[in-house]
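Peer 1: These are the residues of each chain, in order.
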Amino acid sequence: MKLPLRELRRRPAQFVVATIVLAFLTTLLLFLGGLLDGLYLGSTGAIRAQQADAVVYSANARDSFLRSRITPDVRREVEAAAGVDAVGGIGFVLLGAQVPGESKLADVAVAGYELAPSGVSAPGADGTAVADSRLRAQGVSTGDRLLVGPAETPITVVGFVDDTGYLLQGSLWVNLATWREVQNANRPDAAVTAGVVQALVVRGTGDLPQAIDAATGGATRTLSRADAVLSLPGVKQQSDTFNQIISSTLVVALAVVGLFFSLLTIERTGLYGVLKAIGASSRRLFAGVVLQALIVAALAFAIGSTLAVAASAALAGKVPLQLTPERFVLTLTGVIVAAVVGSAISLRRVMRIDPASAIGSAS
Amino acid sequence: MFLALKEMRRAKLRFGLLAGAVGLLVFLILFQQALLGGLVTQFIGALKNQSGEVLVYNGQARKNLEGSIVLPDQAAAVAAVDGVAVAAPLGEATFTVTAGGGDEDAVIFGFELGQPGQPTTLVAGRLPRGPNEAVASEKDRDAGFGIGDVVQVQPDGVRITVVGLARDTNYSVAPVLFVDFSTYESAKRTRNPDATAILPSAIAITVDDGVTPAEVATRINASVPGVQALTRQEAVDGSPGVASVRSSFGIILALFYLVVPLVTGLFFLIVTFQKAPALTLLRAIGSPAKVLVRSLLVQVAAVVLLGSVLAFGLYAAALQGVKNLGVRVEILPVVLTALVVLALALLTSLVAIRRVLRLDPLAATTGAGVQV
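Just so you know, the protein sequences line up as chains V and D, in that order.
Taking our numbering, the leading residue of the first sequence gets 1, the next gets one more, and so forth.
Taking our numbering, the leading residue of the second sequence gets 1, the next gets one more, and so forth.
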C-alpha cells in the first residue's frame, strides 16, 4: 500500500486535473441536492410538522388546501368515523406582511390550527402567532406586530418554531378565529363562514383514509400525512426531476473516474509488469488503484464541499438552497461508490498484464 | 487526419468512454436548458402572452398574481392616470374542473371582452364572444381542452366551451382558460359560495400612443397608493419562482459548462502524455508539429461531435418524459450548445497542444528519454 501513496505524494500533478473535475462534479451534486432539499423542506414543513395520521380535504379540491372547504356537517361525520381519535381544523392563506423597521414585505403563510403541530404550543390568543424561524431572515423578531395583507390585519409574534414553512413562505401559526379574520379581510373571494375550515388533520388508528371517506359518503378525500406532503403543488415533480439530474451527474462522475484510472493503468502497464515479475499480485496492484481513487475522491469531495458551502453563503436568500448533513453524507457516499466502481474498470487490464512483458521490454 | 481517425478506430473503448462522458454532460446541459425554458414558459406563459402592456397588482401581492386583489377605488384611480388608454380588470385563480372525462386543475383568466388581458397567441379557433366560452392553452388540447370540448368548473359549476386555442399560455404548469370576466366571477362563486366579493387580481392596461409602458407604470406607482404597476416583462420576470429558477439553473449550467471542457482537456492531456514516445518519433522522422496538433484537434472535434450526437438522442428521448412542460425537440439549441462545448473543449486542449509543441525530436535519437 506504500507504493500508491508514495506515487500520490511524489507526482501529485498527475492527479490534479481529475481531482478538480471531480471536485466540480461534487459541487454540482451538492448544489443540485441542496436545491432539492431547500425546495422540499421549505415547501412541506407545515405538513411534515403535523402530529397527525391523516389529512382530510373536500372531495373536489384535488388535494389543494386553498381549494378545499370542510363544513361543520362534514367535520361531524369525520369525527364519528371508525378509528378517529382527534380532529383539528386547519387553513392557510398566503400573503405579504409589513414588518416593523423593514421596507420590504415578508412572505407569510398565515396558518390556522387546532391540533398543535410539532414545536408549536396549543392555539394562543386572538391576533397572536408563533412564527416559522425562516421569517427571522426577513427581519421578524419576537414581539413584532406584523400588518398582514392589503387589509393590514395585525398579528403579534410571540415565539418561533423551526422547519414549518409552507410553499417556501414562513408560516404564522394562529388560532382558527384569527385565520378566518385574516382570510375574510384580505381575500373576500375566499372568505369562510364560522366553523368552516380548509382541511382537517386527524389522529387515529386503522385505515383512516378508507374509514373517513366512507363515513362522509365520498364528500372528502383523505390522505396519509406522507401522501399529503407529496400532494403539495410541485413537490413530487421537483423531486423526480432533480433526482434524475443527480443520478445522471453521478454516472458522469463514475465515467470520469473510470476514464482517468483506465488511462493511468494503460500508462503504467510496463511498471505493473515489472511489479508482477518481482511477485506483486494483481489483487495488490488493483487495491493500489482503488486506494488512489478513494483518496482522489475524498480530496475532491473536500474541495467540492467547500465550494458548495461558499456558493450557498453567497446566494443566501436568492435561491432556496439548503445544505443538510444528510446531503453531504449521501453525496460523499455517491462519489466514493463512483470512484470505486470507476476504478474497477481498470481491473481487467491489471489482471491481463503479463509479468513476462517486463523482460526485455523497453517500456 | 488519417492517423487521428485510425487511432480512434483502434482505441474504441478509450475514445468511446470519453465520447460517452461528454455525451452525458452535453445531454444534461441540453436537458436542463430545455427544462428551464419549459418551466418558465409553463409558469408564466399566460402572463407573457396576454395583451395588457402594463399590469397593476395590489402593493401587498409581491408581484404574485395569485395573491393579488385590486380594490375598486384603486382600479378607478389607476384608470385616471395620464397615459392610460384602457384599463380593464383581469382575474386569475386555480380551479378543479372536469375535462376529458376526469377532474383536472385549470387556471382561469377572466378579462373583459375586447379589452386588455386577452390572449395574443391564438393558433386555432377564435376569441370568446360572450359568457361560458374560452380560449384554452394549445398544449392541453388532447387533455379535454380542444376546440368544442366542454369544461365544467367543480363542484357542479359553470360549463365552459373551448372556442379557441392559444400557444404558450400555460400558468403555474396547469392548463389555462381565458374567459370573459363574468364567467370568471361565476367560477369563483362556484368554488366558494361564501365569497363576499369577486375582485380582479390585477388591472390590465394599454397605454396611449407616444408613451411607453414603463413610463405609465412609473406614473401609476407615483400617484396611486397601495398598488404596484409593472410592465408585462417586469411582471413575467418578477413572478414567484421565475427569478430563483433562472438563477439556480444558471449556476448549475455554468458548472456543467465548466466540467465538460475540463473532462475533455484532461483526457487529451493524458493521451498526449502517453503517446509522447510515438509523437516524438513521428517528429524525428519529419512530421511537422502542425500535423500532430491538427490530429489532436480533429480528435477533440470528433469526440465532441460523437458526444453531441449521443446527447441529442438522449435529449430527444428524455423530452418525451416531460411532455407536460410543453418542451419541443429543437435542433438549433443542440447545435449552439455543441458549438459552445466544442469551442471550450478546443480551448482546454491547448494545454495538450502546448505539450505536443514542446516535444523534442532529438530525444528520440539520444535515448535520453522523452520530455513532455
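Bear in mind the hints are in silico, worked out from the structure with no lab data behind them.
The model shown is predicted, which means the values in this text are computed figures rather than measured ones.
Glycine included, each C-beta is placed from N, C-alpha and C at the ideal position.
A couple of the hints might just be wrong.
One side of the interface only, derived from the structure: several residues of chain D facing chain V at Cβ under 8 Å [said to hold, decoys possible]: (1) LEU36; (2) GLN152; (3) SER248.
Dumping the calculated SDA-like pairs for lysine to any residue here, alpha-carbon to alpha-carbon at most 20 Å [as the list claims (entries may be wrong)]: (4) LYS318(V) with GLY20(D); (5) LYS290(D) with LEU306(D); (6) LYS104(V) with MET8(D); (7) LYS236(V) with THR218(D); (8) LYS236(V) with ALA174(D); (9) LYS104(V) with ALA174(D).
With beta-carbon atoms standing in for the labels, derived distance ranges [what the hints assert, rightly or not]: (10) VAL340(V) with LEU253(D): 27 to 33 Å; (11) ALA277(V) with GLY321(D): 51 to 57 Å; (12) SER182(D) with THR205(V): 55 to 61 Å; (13) PRO155(D) with THR205(V): 27 to 33 Å; (14) VAL309(D) with VAL309(V): 33 to 39 Å; (15) GLY139(V) with ALA254(D): 48 to 54 Å; (16) VAL291(D) with MET351(V): 35 to 41 Å; (17) LEU253(D) with ALA356(V): 47 to 53 Å; (18) LEU253(D) with ILE295(V): 52 to 58 Å; (19) VAL123(D) with ARG136(V): 46 to 52 Å; (20) ALA214(V) with ARG246(D): 15 to 21 Å.
Peer 1: Checking each numbered hint in turn, tell me which of them this model violates, lowest number first.
Peer 2: Violated hints (numbers, rising): 1, 2, 4, 5, 6, 7, 9, 12, 15, 18 and 20; every other hint is consistent with the structure.
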